[in-house]
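The lines below spell out each chain.
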Amino acid sequence: AQKVTQAQTEISVVEKEDVTLDCVYETRDTTYYLFWYKQPPSGELVFLIRRNSFDEQNEISGRYSWNFQKSTSSFNFTITASQVVDSAVYFCATLSGGYNKLIFGAGTRLAVHP
Amino acid sequence: DSGVTQTPKHLITATGQRVTLRCSPRSGDLSVYWYQQSLDQGLQFLIQYYNGEERAKGNILERFSAQQFPDLHSELNLSSLELGDSALYFCASSVAGFGGETQYFGPGTRLLVL
Chain A
1 AQKVTQAQTE
11 ISVVEKEDVT
21 LDCVYETRDT
31 TYYLFWYKQP
41 PSGELVFLIR
51 RNSFDEQNEI
61 SGRYSWNFQK
71 STSSFNFTIT
81 ASQVVDSAVY
91 FCATLSGGYN
101 KLIFGAGTRL
111 AVHP
Chain B
1 DSGVTQTPKH
11 LITATGQRVT
21 LRCSPRSGDL
31 SVYWYQQSLD
41 QGLQFLIQYY
51 NGEERAKGNI
61 LERFSAQQFP
71 DLHSELNLSS
81 LELGDSALYF
91 CASSVAGFGG
101 ETQYFGPGTR
111 LLVL
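Protein sequence lines, in the order shown, are assigned to chains A and B.
Sequence positions in the first sequence follow this note's numbering and run 1 to 114.
Sequence positions in the second sequence follow this note's numbering and run 1 to 114.
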């Protein structure tokens with residue numbers, strides 16, 4: 001069965017600090033997909049990034065970067081120079097190639113203080 | 001704004017009652033998903049519809065049912081409500097509903113059962 005573990009329940013940083021959110025996944029599938037979603041205080045779920053199991057190329061998008069490592073089954077997310085607006089709950093999720101349901105981790109609550 | 005709409009935003013009702021949550025997918029998306037977010041269970045997949053047909057089922061209670069109409073909007077019906085049904089219910093949509101697609105989430109309906 002698939003599983004996603006986000007060991008960090010809460011992280012608190014001061015503005016402009018870099019912060020990394022950890023995600024470890026478990027799956028027996030050779031084809032799978034990994035996602036990060038953000039849930040700000042307003043409650044909606046905002047899609048951030050999608051990666052498939054054949055693409056280990058890491059990505060940088062503005063202040064966001066993602067580190068996908070199959071060897072350690074990790075898909076970590078880094079925010080550089082954090083801002084107060086980054087305060088939210090961040091969810092890592094996985095989806096196997098044959099199924100359509102997202103399996104979410106428990107989420108990491110990030111608080112960025114001025 | 002993901003393009004997925006959900007109504008109502010908030011719903012307060014009593015135990016034993018029945019409610020209907022409504023979702024309109026993004027323009028062009030054929031697949032609709034329902035998820036429940038509660039404090040004790042986290043984010044859990046309930047059910048998926050593709051072009052009017054049920055495609056996948058998750059941890060959906062027998063008291064809950066859903067359908068997708070010809071215009072592709074979907075409704076989630078919750079009956080014989082219990083206190084434990086209080087949660088945030090999300091609808092998501094994707095283009096075709098095959099494995100690997102990004103699911104875009106609506107703003108959610110917050111249900112409070114008193």
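A couple of the hints might just be wrong.
[Stated by the list, open to error] A partial selection of chain B residues facing chain A, derived with a Cβ cut-off under 10 Å:
#1 S2
#2 Y35
#3 F45
#4 F90
[What the hints assert, rightly or not] In silico lysine-lysine, DSS-like type, Cα no more than 30 Å apart, as pairs:
#5 A:K70 to A:K3
#6 B:K9 to A:K16
#7 A:K3 to B:K57
[To be verified] If you want the footprint, here are the derived chain A segments under chain B, 3+ residues with CB under 8 Å:
#8 2-8
#9 56-69
If you are wondering where the hints come from, they were derived from the structure by calculation, not from laboratory data.
In this text, a Cβ means the ideal position worked out from N, Cα and C, and glycines have one as well.
Find the hints from earlier in the document that the structure breaks and name them by number, from lowest to highest. 6, 8 and 9
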